[in-house]
Amino acid sequence: MSAPATGGSKALPLTERDGGRRFPGLHSAELSGNWDPATESVVMQRLGNQPHMRYLTPAEEAAADALFNQLLGQKEEPRIPIVQMVDARLAEAATDGWHYQGMPEDGRAWKISLAWLDDDARLRCGSTFARAGWHEQHRVLQSVQNLGKDNWHEWPASHVWSLWTRYGCTAFYSHPWAWDEIGFTGPAYPRGYKNLGLDAREPTEVADARPRQDPLRRQS
Amino acid sequence: MTGVRERNGSAWLLPARPGIDPGLRDGMRRFDDGDEVDLVIVGAGAGGATLLQRLARAGWRVLVLEAGPFWDPERDWVSDEAGSHDLYWTEPRVISGADPVPLGSNNSGRGVGGSMVHFAGYVPRFHPSDFHTLSADGVGADWPLRYEDLRPYYEDIEGELPVAGEHWPWGDPHGYPHRPHPVSGNGELFLRGALKAGVTAKVGPVAIANGRFGNRPHCIYRGFCLQGCKVNAKASPLITHIPDALAHGAEVRADTMVTRVAVDGRTGRATGVHYEHRGTEHFQRARMVAVAGYSIETPRLLLNSASQRFPDGLCNDFDQVGRYLMVQGAPQTAGRFEQEVRMWKAPPPEVSSEEFYETDPTRPYKRGYSIQTVSPLPITWAEHIMAQGHWGTDLRKYMSDYVHWACLGALCEFLPQAGNRVTLSEEKDRRGMPVANFSYSQCENDTALMHAAQAGMEEILTAAGAEEVITINRYAHLVGGARMAATQDAGVVNSDCVSFAVPNLLIVDGSVLPTQGSANPALTIMAIAARTAAGLIAASRNGTGHLPN
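If you read the sequences in order, they're chains A and B.
Mind the numbering: the first sequence is residues 1 to 220 in our numbering, read in order.
Mind the numbering: the second sequence is residues 1001 to 1549 in our numbering, read in order.
So that you can see chain A by itself, here it is in the shape it has in the complex (with noise of 0.2 Å):
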């Protein structure tokens, strides 16, 4: 189980006042050789052609693209294949399970939500969420998210906001192109940490190169 050592080192488009390259030279799946086989494995998959659709009909992968690539803020390749990855999760109903009374479980949730989705982009685009421009679907999702704990058609917005989110997050952070960007070196079993405290590295990891940069300072 070697790593596709090309596909290892490939970062993520984003520019610099975005937050990019502040630990150049960190490709956490380039250190897949100090992991144990069944990670390696598990993680090094996510590197490799995922699974073909299974689960959402094609208008809805094309909206649930459009809506991921919103979400996560992946506006040109490389893009992290987060609908393959969560079409899998669907497909292999590996869900967490649980689900809001009043709302189906989440395969379902998604089909239906994708659907107005779509509803809510030709009434205010005239066209599919997919189809519709970048900013134009911006507003549709802002419009969802300001909604809170009111209804968005049939459910609570932040309930269909968070179904989302939980999916989109789950597979985007848990690429190791994701873990490149925000300095985090993956996996760490067999070898662990042996520098522990404040501005304490391993060898492996790399100093942020722009330590003022807080987003929240910035916005202030």
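Hints were generated in silico from the structure; no laboratory data involved.
Backbone N, C-alpha and C fix where the C-beta goes; we use that ideal spot for every residue, glycine too.
Some clues are possibly wrong.
[To be verified] Okay, derived cross-link-like pairs now, BS3-like style, lysine-lysine, Cα gap no bigger than 27 Å in a straight line:
id: 1; chain 1: A; residue 1: LYS111; chain 2: A; residue 2: LYS149
id: 2; chain 1: A; residue 1: LYS194; chain 2: B; residue 2: LYS1202
id: 3; chain 1: A; residue 1: LYS149; chain 2: A; residue 2: LYS194
id: 4; chain 1: A; residue 1: LYS10; chain 2: A; residue 2: LYS75
id: 5; chain 1: B; residue 1: LYS1202; chain 2: B; residue 2: LYS1366
id: 6; chain 1: B; residue 1: LYS1428; chain 2: A; residue 2: LYS111
[Claimed, not checked] Interface residues of chain A toward chain B, partial, derived using beta-carbon atoms under 7 Å:
id: 7; residue: MET44
id: 8; residue: GLN45
id: 9; residue: GLU76
id: 10; residue: LEU196
id: 11; residue: PRO211
Got chain A; can you put chain B on it based on the hints?
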């Protein structure tokens, strides 16, 4: 108190590598369905596994039926967040109420070892005040037990896990068998902030050996405690109690889902359990039955075991089954520091404070909260950022700052309320069994505690030098749902965990807790199981009790 090895040899039965000895597992004793075992236990978590080990050592013919797998940590567990989904109970459930509580991840368990396989590792004791909150504070409930009844069992279990930490000044002051672990940047900031804010904080108490313990190795500080400890350093019943149980003739039958407890309508006694294994239904005969399926599945099993004698569910004559289910309010507050914290390095459980645990008469709420270090991995950290309303490019920008954040978590003592309960839904699982509907609503005291805990954590992080703080509101742990009480109209089991309605049916898990304090429940669940076992053994030896016959 006897030596640890004399009462539980698990750590010495483990191989000098991860996981448990395959020989012990493959060579274990196996009972037939038709054998009337002395006790069949439903669920191999904190309660069930402890009970199993104690009774096996006393020579009982005991068997545990576990719905999930018998884990092989080296093969089955990964050092990865998303890849650890199988550690959770993910069968269908419905959540409802004014404040519905998501299930199936941190507050659930599946497989041998239960939720302790992925718990952080904090094992604080309850305080003496936890056992009489109704008389002392006018809220919650009084236990039919006193702290002193549990103390010797706390001490025993602390030795067996074993627990590492500083001398503990809160509740009933006590020491720990292992010295405190060194702390990471996250723990350092908590200690620094607490000192400046005038709050006492201590290192521990964690169920991670500091040094070798039997054949268990030292912790390697890899930070993936919540994904199952591949190292064998963090305690879970899989390595702390199951090996000794197997060595003493217990059987662990994994991948078996108990669907019904059988009760003889004429004698009113339990006769065994119906279970499903690889699609086939079985019936295991037993002289006694102990249910240890935790706060959602235990009530569900009782409610699904209705019969002519118990038309509203087993042990439910007084409409107590499923009620008084509690979660702890568990807000997490993070602070931003210019230095790199890299909070994910080292175990998430490091430092805690129980200074705000009890009722403070100057505050407008009753009871209190504790504060502990937590250290979310990337996916969980993204939930923190999303909870602030950020998404898209904004989210990516915040996430790129991950190395600079430290994080604390509080556990707020939410109060037991009759309306917070499990009932059966119309919805059925793939076996045709009605699934649990868990309804939860906070009371005013709960909400006030959430705010107080957030303010407390913000003060500590700010005192440590945080430039900004953010908070996410969430829940942790489940207890109650089949509580112990002094009388049958107020609970489901007595102080010995024996059900009021069926003399040879016990409930031995977190669902028996009448209140929860602001302590993580694992240690208390194990201590209650050890006490229950001691009672059963004593009764069977001297013939004074009605148990086991």
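Status of each hint after checking the structure:
1. A:LYS111 x A:LYS149: 21 Å, holds
2. A:LYS194 x B:LYS1202: It holds: about 22 Å lies between the C-alpha atoms, which stays within 27 Å.
3. A:LYS149 x A:LYS194: 45 Å, violated
4. A:LYS10 x A:LYS75: 16 Å, holds
5. B:LYS1202 x B:LYS1366: Since the Cα atoms of LYS1202 of chain B and LYS1366 of chain B sit roughly 24 Å apart, the hinted pair holds (cutoff 27 Å).
6. B:LYS1428 x A:LYS111: It holds: about 21 Å lies between the C-alpha atoms, which stays within 27 Å.
7. MET44: 11 Å, violated
8. GLN45: The hint is violated - GLN45 of chain A has no Cβ within 7 Å of chain B, the shortest such distance being about 9 Å.
9. GLU76: 12 Å, violated
10. LEU196: 4 Å, holds
11. PRO211: Cβ of PRO211 of chain A sits 6 Å from chain B, so the hint holds.
In the structure shown, a violation is registered for the earlier hints numbered 3, 7, 8, 9, in ascending order.
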